[in-house]
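Go by the hints and put chain B onto chain A.
Residues per chain, in single letters:
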Amino acid sequence: MTAYVLRRLAQLVPVLFIASIGIFAMIYAVPGGPVGIMLGENANQAEIDALVHDLGLDRPIAIQYFDWLGSAVTGDFGVSLHSREPVIKLIGERLPATLQLAAVATLIAVLLGIPVALASALHPGSWLDRMLSGWSALALGVPTFWLGILLILLFAVELRWLPSASRYVPLWEDPLEALRHLIMPAATLGVYVSGVLARFLRASLVSQLGADYVRTARSKGLSRGRIVRVHVMRNALLPFITVIGLMMATFIGGAVVTEAVFTYPGLGRMLIQAISTRDYPLIQGCIIVMLVIYVAINLTVDVLYAYVDPRIEYS
Amino acid sequence: MRGGARILRELVRRKGALLSLAFLAVLVLLAVFAVALGFDPVKQNILHSLEAPSRAYWFGTDELGRDILSRVVYGARTSLMTAGGAVVLAGVIGVPMGLVAGFFGGWRDAVLMRAVDVLLALPAILFALALIAVFGRSQGAAMLAVGITGIPGFARIVRAQVLSLRQRDFVVAVEAFGGSSGYSMFRTILPNSWNQILVQVVVLCSIAILLEAALAFLGVGVPPPTPSWGEMLRTGKSYLHEAPYYAILPGLALTLTILSFDTIGRSLTAILENEDAAVTRAEGVAS
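These protein sequences, in sequence, are chains A and B. For the first sequence, our numbering gives the first residue as 1, with consecutive numbering after it. For the second sequence, our numbering gives the first residue as 1001, with consecutive numbering after it.
Since the hints were made in silico from the structure, they are not lab data. Check each hint, because a few of them may be wrong.
[To be verified] Sample of chain B residues lacking proximity to chain A, with all beta carbon distances greater than 10 Å (derived):
no., residue
1, Val-1028
2, Phe-1039
3, Leu-1069
4, Pro-1096
5, Asp-1117
6, Ile-1125
7, Arg-1168
8, Val-1171
[Said to hold, decoys possible] The following label-pair restraints were derived from C-beta to C-beta distances:
no., chain 1, residue 1, chain 2, residue 2, range
9, B, His-1241, A, Leu-138, 25 to 33 Å
10, B, Leu-1047, A, Trp-161, 32 to 40 Å
11, A, Gly-33, B, Asp-1169, 54 to 62 Å
12, B, Trp-1194, A, Ile-48, 51 to 59 Å
13, A, Leu-57, B, Ala-1176, 54 to 62 Å
14, B, Leu-1163, A, Met-131, 37 to 45 Å
A virtual CB, placed ideally from N, CA and C, is assigned to each residue, including glycine.
With the rest of the complex left out, here is chain A (with noise of 0.2 Å):
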């Protein structure tokens, strides 16, 4: 089992190396490159060249890029060039706010999407089943940014029950606040990542209900409930969780767009205001915790798997 962690720890190094130099390469590749980007267009040769020197722009590049990746290890990801804050502290700041987020979402997308699965593997080819898939198939394609803009309309716009603009509030600090902020774009994210989630939990149990020791069972004497709940959950949500791991990319994506919606003054939000900025070292900063954040969720999901699911061999 360490072997096997480990492995997978090693598969990811090639990946993050990779990421790294594109995310380190970003910078260069402006037009300008750093110093066009701090100084602006109108600098003279002078202010140039000892900026060139102060930042060490005049050492060979790889040397410049394990210097830079030894500090963002450390999580020195350098300065805001807008507000001239260290990024570190400026993601520390958002970062509550998109995890809050994304645990409500994930809780609503649970609680809609395992109840929605249910339903219609038990039932497949009846209206009910169709009508399900049809609705999985609904909050995958309609866009999160459209469903946002819709309950919006609808809960602040037209019935003034909520707030259209959603600030972050900490749940501890004050639960049906933070619940009146949260509510909409928690639920927006959630309906999308539920259907995601629906789809493949619905095969799964078909796939699960036509295996033989649910005949077995059943032969058995076994209600069809108690051999739902205790038998084939249980090995239906196992390939699920590989799932959770794809899910993440989705999320992420989803996460981005939902705060732009909602003006939540989240990460991905600071993201796309940093790029529509030139804030480089904050958009590298963001993109780089964002995903060290994917790529942990995902190695935890991939180990958990093996640690639940002898069947799997860990060579």
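Frame of chain A; chain B shown alone:
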């Protein structure tokens, strides 16, 4: 393509797929003949800004008094062209990658599939945003960003297809008769993979249109004044009180387009699965 006409017949027999095909056909016709049909997405009429849908303006007008229906039609052009370009780009790179990786195996397979893994390991939108941060926002950048994220899909599907076809008698026969690798790959294996590639094209179209619209909505996609659905939703969001239809109608066009591609993609998958099962049964009987 193996049984293209038959697949099309199967497709139009399914109600959902038929409706989707019809919707997309109308959309493409409108986009192609937009000029001839007299749609004008840039003509401003400030006196008629933010007007509700009426007989003169079926979809209403935007904040500059431009006809929203015209902008939705031209937005279809932007969407379909960006997504189409992205899919072609992804296919032109991804298909040969999959062919070479599957056919030769060994180090070529290892190197190419590792590259695909790296691409797959990055959430598409993060990759697209990073690319746009470097190149600035333009239609080309959006197309490139969406296209590159589509490469793994093609490479993987074609590779899997090659691995299964290589063992088949007709491919082995070509090699036995001294056919070159290129001949085997492009004249023997590729023609038998078109069905799977077609499904991937349809699936990727819906993903590409969604991603393109998301980038435009975030304000980093195809830059104005080119009309695009994502950009219209972005601006429309500022006028939810005065003109709710401004954000509703372009969003509806976008959603129906995505759902249509998704429906056709799923129908195609089902049809091909049935067909494969039939082929396997037939071969089982023959042997």
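Cross-check of the supplied hints:
no. : hint                               : verdict
1   : Val-1028                           : holds (19 Å)
2   : Phe-1039                           : holds (22 Å)
3   : Leu-1069                           : holds (18 Å)
4   : Pro-1096                           : holds (21 Å)
5   : Asp-1117                           : violated (7 Å)
6   : Ile-1125                           : violated (4 Å)
7   : Arg-1168                           : holds (27 Å)
8   : Val-1171                           : holds (31 Å)
9   : B:His-1241 / A:Leu-138: 25 to 33 Å : holds (27 Å)
10  : B:Leu-1047 / A:Trp-161: 32 to 40 Å : holds (36 Å)
11  : A:Gly-33 / B:Asp-1169: 54 to 62 Å  : holds (58 Å)
12  : B:Trp-1194 / A:Ile-48: 51 to 59 Å  : holds (55 Å)
13  : A:Leu-57 / B:Ala-1176: 54 to 62 Å  : holds (60 Å)
14  : B:Leu-1163 / A:Met-131: 37 to 45 Å : holds (38 Å)
The earlier numbered hints that this structure contradicts are 5 and 6.
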